[in-house]
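Asks: Fit chain H to the supplied structure of chain Y, relying on the hints for placement.
Which chain is which? The protein sequence lines are Y and H, in order.
My numbering puts the first residue of the first sequence at 1, with every later residue one more than the last.
My numbering puts the first residue of the second sequence at 117, with every later residue one more than the last.
Be aware that a few hints might be false.
[What the hints assert, rightly or not] Here are the computed distance ranges between Cβ atoms for each label pair:
#, chain 1, residue 1, chain 2, residue 2, range
1, Y, T80, H, P177, 37 to 45 Å
2, Y, V46, H, K187, 21 to 29 Å
3, Y, T80, H, Q212, 45 to 53 Å
4, H, V231, Y, S71, 48 to 56 Å
No wet-lab data here; the hints were simulated from the structure.
Using N, Cα and C, we set each Cβ at its ideal position, and we do this for glycine too.
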Amino acid sequence: AQKVTQAQTEISVVEKEDVTLDCVYETRDTTYYLFWYKQPPSGELVFLIRRNSFDEQNEISGRYSWNFQKSTSSFNFTITASQVVDSAVYFCALSEARAAGNKLTFGGGTRVLVKP
Amino acid sequence: DVKVTQSSRYLVKRTGEKVFLECVQDMDHENMFWYRQDPGLGLRLIYFSYDVKMKEKGDIPEGYSVSREKKERFSLILESASTNQTSMYLCASSPQDRTINYGYTFGSGTRLTVV
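Next comes chain Y alone, as it looks inside the complex (with noise of 0.2 Å):
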C-alpha cells in the first residue's frame, strides 16, 4: 500500500529564512508521481510541482526548490528566503500509476507559519 509521511506538523521561521519540508513514501510501484500542493489560509489547494519516477533531476521555480531522492523514498521541498506570504499548509502527495483514477495519496501537511 502506498505511504506519504510528513513528519513535520509545523515550522515557523521568520521572513528570510529558508524552510525545508520533508517527504517520505512508500510504494511498490516502480512508476509513480510525486506533488506538493500549498493550502493557503482561503483553503483551496494550488498544485505546485510534479515530478515523476523517472525524473530525479532536481527543480527550483524562483524561490522554490525540490530534491527528489528515490534511494531514500524522499521528496523534499524547500522555502528560500521564506516570506509571509508562503505562511500556508504544505502536502506532499503520491499517485501510483496504476491507480485507478490517477488518485492521490496524500501525508499529513505541513504548517508554515513564516513572521515578520
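Replies: What follows is chain H alone, placed relative to chain Y:
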C-alpha cells in the same frame, strides 16, 4: 478560468440530518474525488468516480455515499450526519490520461459542522 466549485463554503447541520455536498467542475474531467481534511491526518479519500454513474470507495467511505449522474457534477451524501463527520470536505477533479498524471484541481472546500 477553469474551476471546481463547491456549493457551500460553510454548513451547519444537526445530528441525524441527511446532508448533500455538491461539487461541479467545468473542465470536462473524467475523474472526480471527495476528500475530508482533519488536522494531523491530512486529506483522506472518501469516494471517487472515474466516469458518469461509476464510483469507487476510498479509504474512509463509511457513513457516506456519492452520486454522479452527470460528468460535471459529483455529490457527497451523508445519510445521517454525526458529530464525527464535522470536518473540511474537499472536492477535486482530474483528467483521465494514461500517459501522464496531471494531479488534481481542487475546490475551495466546505467546512461542515454537525451539532
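Asks: For which of the previously enumerated hints does the structure constitute a violation, in increasing order of number?
Replies: Structure breaks hint 3 only.
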